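Undergrad: Listed below are the residues making up each chain.
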Amino acid sequence: MSNHVDTTTVNRDSAHATFDTKPIWRTFWILLGITLVELALATIHLKTGFPPKYVLNGVYLILTCAKAFYIIAEFMHLRHEVKNLIMTIAVPAMLFIWFAIAFLADGNSYRELRNRYDRYHVEQNNTKVAPAGGEEAPTQPAKKPGSPE
Amino acid sequence: MAQAIPAGQKWWSGGKSPFNVEYGKLMMWYFLMSDAFTFGAFLISYGTIRFSSNSWPDPNEVFRAFPGMGGMHLPLVFVSLMTFILIMSSVTMVLAVAAGHEGNRKKVAFYMVLTIIGGLMFLGCQAWEWTHLHGEGAWWGRNPFLNVNGSRASTNFTNFFFTITGFHGFHVFSGVCINVIMLIKTLRGDFDRRGHYLMIEKAGLYWHFVDLVWVFVFTCFYLL
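Chains A and B, in that order, are what the protein sequence lines are.
Quick note: to get the working numbering, add 149 to the position in the first sequence (first position is 1).
Quick note: to get the working numbering, add 371 to the position in the second sequence (first position is 1).
Treat the hints with caution; some may be incorrect.
Cut-off 30 Å, straight-line C-alpha distance, at most; resulting in silico cross-link-like pairs (BS3-like, lysine-lysine) [stated by the list, open to error]:
| no. | chain 1 | residue 1 | chain 2 | residue 2 |
| --- | --- | --- | --- | --- |
| 1 | A | K232 | B | K381 |
| 2 | B | K477 | A | K171 |
| 3 | A | K232 | A | K171 |
| 4 | B | K477 | B | K556 |
| 5 | B | K478 | B | K556 |
| 6 | A | K171 | B | K478 |
| 7 | A | K196 | A | K277 |
| 8 | B | K556 | A | K171 |
| 9 | A | K232 | B | K387 |
| 10 | A | K202 | A | K277 |
These are computed hints drawn from the structure, not numbers from a lab.
As the structure is a computational prediction, the values presented were derived from the model and not from experiment.
Please model the complete structure; the sequences and the hints are all you need to start from.
TA: See below:
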């Protein structure tokens with residue numbers, strides 16, 4: 150099955166080499182610290198509204214990528230593998246850059262087009278509904294008959 | 372594991388393993404790549420739909436409950452606990468891998484048990500959160516929450532939330548199953564007989580990947 154260990158070519162001694170546990174705990178504190186910073190920022194924003202949401206979103210994305218880097222590099226040990234292995238993972242992963250930008254831009258363009266050409270959609274978006282005090286209290290006329298509940 | 376490799380090693384001239392890892396570990400990496408693109412597709416489609424909407428429910432309003440705290444307004448607290456549990460179980464997993472390098476069976480088993488407990492705690496948290504949201508009337512195709520601007524929200528929010536956290540929760544569940552199998556094999560002494568604990572490393576890679584995905588789910592659903 151998958152336990153085909155080629156003992157002649159893979160460096161077997163390294164499989165028994167002592168595994169340093171110090172970087173593990175360091176990584177743990179870094180991950181915990183980053184998460185706490187994210188929570189602190191979110192709480193400050195909730196209380197004061199000070200860092201504007203779009204600035205905060207950028208910060209969150211950077212911090213998330215930092216966390217991802219530490220998990221992959223240290224916990225998954227990729228940083229300590231040979232360069233060939235790092236590259237066979239890192240290079241295809243770069244597709245995500247295109248993937249995210251292209252699709253988010255597409256979503257944004259769709260929103261703009263719909264706001265320009267679909268008047269009903271804009272109206273629906275500007276219609277405020279009574280806050281959910283009673284369950285399903287505001288029976289909106291737009292509800293399709295036969296929809297659940 | 373790149374120790375003891377002479378400088379200027381020619382990897383591609385034949386006779387060597389160019390990635391210097393065994394077959395199963397390399398294939399685990401490639402599987403995780405494909406899984407990353409599956410999750411990436413989910414999260415990016417969520418982002419696309421969110422970008423195409425004029426308004427969206429406020430996560431701090433939706434995810435504000437904590438077990439046993441009644442209706443108190445506690446945004447982010449519960450999900451922080453879940454994040455902490457998962458990071459912690461990732462740490463115990465690496466410690467199990469480290470113990471495997473020493474060939475210390477008892478220590479491997481001990482840390483595997485801790486990792487499994489962490490996974491089960493995370494699943495319990497998620498079960499509570501789903502039950503709570505379901506009790507509030509949220510489910511696939513049903514969204515009781517209003518948009519930030521007070522208008523009626525579509526069901527996109529709940530559909531994406533339950534699909535993506537459900538898919539992630541399923542990964543956690545299968546990760547726990549894999550870890551249980553690894554624990555049984557450790558206790559039976561299978562890895563001692565084999566002479567190495569590389570299977571623990573492969574299970575570990577999967578487990579860390581689950582943690583990695585959670586980092587992104589956490590940001591996309593609870594923070595942004």
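Undergrad: Can you list which hints this structure breaks, lowest number first?
TA: Those not satisfied: there are none.
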